[in-house]
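Now for the letters of each chain:
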Amino acid sequence: MAMEKTVEELARLLGAQAEGNLQHRLIDVAQLEAASLTDLSFVESERNSAEAFASRAGCLIAPAGVELPGKTVIRVQNPRYAMALAIEIFHPQPLLKPGIHATAQIGDNVLIGEDVSVAAFAVIENACRIGARTRIGASCTLGERSELGEDCLLHPRVTLYAGSQIGARVILHSGAVIGSDGFGYAREAGKYHKFPQIGWVELGDDVEIGANTTIDRGALGATRIARGTKIDNLVQVGHNVQIGANCAIASQAGISGSVVIGDNVVIAGQVGIGDHARIEDGVVLGGQCGILPHKIVKAGEPSGEPMWGTPARPLREHLKQQALLARLAKKHKDRES
Amino acid sequence: MAMEKTVEELARLLGAQAEGNLQHRLIDVAQLEAASLTDLSFVESERNSAEAFASRAGCLIAPAGVELPGKTVIRVQNPRYAMALAIEIFHPQPLLKPGIHATAQIGDNVLIGEDVSVAAFAVIENACRIGARTRIGASCTLGERSELGEDCLLHPRVTLYAGSQIGARVILHSGAVIGSDGFGYAREAGKYHKFPQIGWVELGDDVEIGANTTIDRGALGATRIARGTKIDNLVQVGHNVQIGANCAIASQAGISGSVVIGDNVVIAGQVGIGDHARIEDGVVLGGQCGILPHKIVKAGEPSGEPMWGTPARPLREHLKQQALLARLAKKHKDRES
Amino acid sequence: MAMEKTVEELARLLGAQAEGNLQHRLIDVAQLEAASLTDLSFVESERNSAEAFASRAGCLIAPAGVELPGKTVIRVQNPRYAMALAIEIFHPQPLLKPGIHATAQIGDNVLIGEDVSVAAFAVIENACRIGARTRIGASCTLGERSELGEDCLLHPRVTLYAGSQIGARVILHSGAVIGSDGFGYAREAGKYHKFPQIGWVELGDDVEIGANTTIDRGALGATRIARGTKIDNLVQVGHNVQIGANCAIASQAGISGSVVIGDNVVIAGQVGIGDHARIEDGVVLGGQCGILPHKIVKAGEPSGEPMWGTPARPLREHLKQQALLARLAKKHKDRES
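Protein chains in written order, with the numbering used here: chain A, 1 to 337; chain B, 1 to 337; chain C, 1 to 337.
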């Protein structure tokens with residue numbers, strides 16, 4: 001499946017300069033430690049230059065300034081990005097034969113674009129619309145009136161509840177559930193009475209949603225995730241949450257109902273955000289930190305640091321408090337003994 | 001799909017008094033900020049009265065005492081509950097045509113009640129019983145001897161392991177797994193030997209289970225969740241857990257094996273409860289808090305507050321400790337500089 | 001389904017000595033509190049001897065030294081392990097009829113071993129290999145070139161992405177996703193560009209993976225879990241993680257990309273491990289604790305204790321710090337009042 005390129009050809013495709021043996025032939029990509037002479041690999045920064053030097057890779061993508069004497073190198077500004085492009089060259093995505101599998105169940109008034117593929121045991125309910133070249137994996141279920149843009153990829157076993165609105169080039173991983181009911185009840189006479197969840201979910205273009213992640217529909221109105229935002233596995237997004245563009249949300253983060261998140265926010269693993277909190281543009285939330293309900297978190301307070309701990313505070317402050325506590329506990333113990 | 005009602009008709013259906021333009025016609029429901037003249041909306045308390053006053057909604061459900069001069073208002077004691085009832089009026093659940101899809105696989109000795117619907121690619125194994133009017137979504141799998149009461153709703157892609165006992169009016173969201181093996185092993189000669197998990201799961205009437213939530217069967221005997229308890233997405237319930245009636249358990253909470261939880265307990269998101277802990281009636285556990293194994297948590301200690309932190313302590317105590325620590329760290333820093 | 005054994009027969013099968021009424025007939029197993037006269041039950045240690053004494057079980061498996069006067073007892077070194085073996089005797093796993101269901105979709109060049117069973121609506125893509133006696137549940141999807149060893153059990157609705165390499169006797173629970181894309185992007189011009197995830201997942205022999213757990217493929221190269229390791233429900237394992245043999249990882253733990261975990265490690269529920277951390281052989285991580293990225297955690301520092309808190313520290317140290325803080329806060333309050 002992989003294809004052969006000379007270093008020179010590859011550099012040209014990446015719009016970059018190469019040094020060393022420009023006619024060397026590459027046939028695949030690999031990590032530094034696993035690479036062989038016909039593999040391309042990459043160096044992100046000075047920090048892994050020793051590892052890079054020891055690598056048997058036939059060519060290295062590297063930033064300016066990292067010295068790699070005797071190596072064949074393609075110099076770029078953003079090695080990670082250049083490597084991503086190179087992997088796409090060596091491993092082009094296999095083209096799925098378009099077509100609707102004989103077992104798939106397609107409802108009434110479904111609009112299906114050109115070159116769409118629908119795999120075995122998929123269920124597409126009435127009045128859905130599917131954009132050109134979108135691929136729907138085995139055993140996916142699209143509820144009534146769901147819409148998918150062009151060039152989407154749904155891995156096997158994705159559920160869209162009725163009325164989901166999905167943009168173009170969206171990737172949904174296996175087990176993802178889009179549009180499940182929010183956790184909304186009215187307590188009356190000692191019992192929970194279901195507050196009907198009649199809203200929907202909107203995902204912008206280029207959104208990616210991880211395996212077994214759940215995104216609840218709005219109670220009334222929409223839960224929205226704007227273009228370019230990437231969400232990892234096992235994340236929970238509650239009803240009526242609004243997430244901006246180009247955010248990254250790592251695994252097992254939990255975002256409660258009606259939270260508003262700006263653009264370019266980074267949320268680490270297992271972070272918990274209480275309902276109605278507002279996270280402003282560019283905030284970074286560190287692993288496992290907790291944001292209280294209704295809290296507003298601004299970026300750059302005091303200095304662009306990530307937030308840490310529960311309730312979350314700037315990382316340096318958090319570490320200082322932890323260190324002081326450790327010191328006091330030690331002193332106290334010494335005094336006792 | 002929505003139907004038209006005058007304010008007067010709606011107030012009568014809700015058993016409430018209306019003020020203002022009683023003949024005004026409503027055709028849908030909406031959030032305060034998105035509502036138009038033909039929409040009903042609601043006000044929960046004084047706190048959102050400004051927002052309510054600015055809303056273009058044609059009618060507001062509101063509690064007594066919230067002044068909304070010039071507005072058409074339906075006065076109720078529990079606005080959230082009245083709004084839930086109103087949504088049910090404007091958006092009656094679509095009736096699924098009863099019937100068993102031609103592709104569904106039904107085992108031997110399966111008892112199916114009246115007006116049951118079974119969607120495409122569902123698998124119902126031998127000796128299952130399904131109560132009247134229960135709806136089973138696409139690609140659900142019901143293991144042998146599973147029983148579902150009347151009027152249940154299984155969204156697509158729910159798994160019941162063999163022997164699951166489900167009450168009436170239970171809602172199971174997409175990706176939920178009921179009856180998976182508990183995490184039980186005997187360590188022998190440096191290896192984990194599986195402790196066979198031969199119990200089952202019992203869910204009481206009116207239970208709701210969120211998307212991708214997992215509820216393990218008992219090792220021996222049952223894992224039980226009593227009537228009216230609502231569980232959010234991505235929650236883990238371990239083997240032999242016993243949960244009382246009318247509890248609410250938010251997303252990503254984790255409940256270890258053999259934990260016992262009373263009635264009317266509220267558990268916030270990402271709470272972790274260690275094995276064999278006992279959470280008594282009416283306890284409130286705050287987000288991300290951790291309960292140690294074998295711990296007993298009583299309600300109202302000292303004053304009905306939620307518990308917070310790991311190990312969990314009353315909220316006020318937790319906040320006081322955090323504040324003191326921050327103050328000490330600041331003082332220490334000032335002294336140093 | 002259960003079968004009858006005398007105490008004497010059972011003791012012989014377990015290679016153990018019995019005391020009391022050796023001819024007493026047992027027909028099933030049960031928990032101490034639920035057992036009746038024809039049930040076998042077990043006592044793990046002195047700690048539950050009172051409960052054992054009160055039990056109506058017809059026979060008890062117990063370790064030496066636990067006095068149970070008047071009871072019929074089978075004496076063993078490892079009661080939990082002996083009980084596991086006894087349950088296997090009374091509840092042998094039902095044999096699935098081998099065979100491929102008529103609805104299953106099998107691709108080209110698939111190698112299927114002897115006595116394999118494939119349930120309804122399973123999809124097995126091109127060039128997969130399935131070992132003898134392996135059972136594949138309803139609605140499972142095996143991506144191209146996946147390999148499963150002998151005697152595996154895939155419960156319904158498991159997804160293997162292309163190229164997954166699974167050993168022998170592996171158990172995968174419902175909703176598990178093996179080989180989903182890791183969370184890898186290159187940030188360029190303010191947007192996330194997908195870093196293609198072209199690696200794969202390898203699971204060793206005797207691995208068990210819980211319901212709705214997600215295990216990402218390597219970005220380049222493999223994510224590996226060695227033989228005998230058991231993983232609970234809703235766990236996240238990131239790309240290129242390496243996990244050793246005979247580990248136990250409890251529910252909702254999250255393991256970030258490129259983490260390396262040794263053998264015999266125990267990880268409690270909701271633990272979070274930052275990327276590139278290294279957890280050495282035999283470490284125990286307590287519930288909810290957090291390990292910072294790139295951190296190295298050694299066993300037995302200082303004394304084989306579990307680690308606790310975020311950032312994680314030895315349990316005793318953590319508890320001491322928490323206690324000191326509580327004391328200081330109390331003193332401070334007393335002074336104020």
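Calculated directly from the structure, the hints in this document are not laboratory data. Take the hints with a grain of salt, since some may be wrong.
No copy labels: a pair is met if it fits in one copy or bridges any two.
Said to hold, decoys possible - The calculated lysine to any residue pairs, modelled on SDA-like cross-linking and capped at a C-alpha distance of 25 angstroms, are: (1) K320 to K330; (2) K330 to I171; (3) K295 to A50; (4) K331 to L96; (5) K5 to I89; (6) K5 to L68; (7) K295 to L315; (8) K191 to Q17; (9) K71 to R47; (10) K298 to L319; (11) K194 to G262; (12) K320 to R12; (13) K194 to D281; (14) K194 to Q242; (15) K194 to V116; (16) K298 to P311; (17) K71 to A16; (18) K97 to A162; (19) K330 to I112; (20) K191 to Q105; (21) K331 to E8; (22) K71 to L292; (23) K191 to A132; (24) K295 to V284; (25) K330 to L315; (26) K97 to G163; (27) K191 to H91; (28) K331 to R12; (29) K71 to Y81.
Please flag the earlier hints that this structure goes against, numbers listed from lowest up. The structure conflicts with hints 2, 4, 12, 19, 20, 21, 22 and 28, although it agrees with all the remaining ones.
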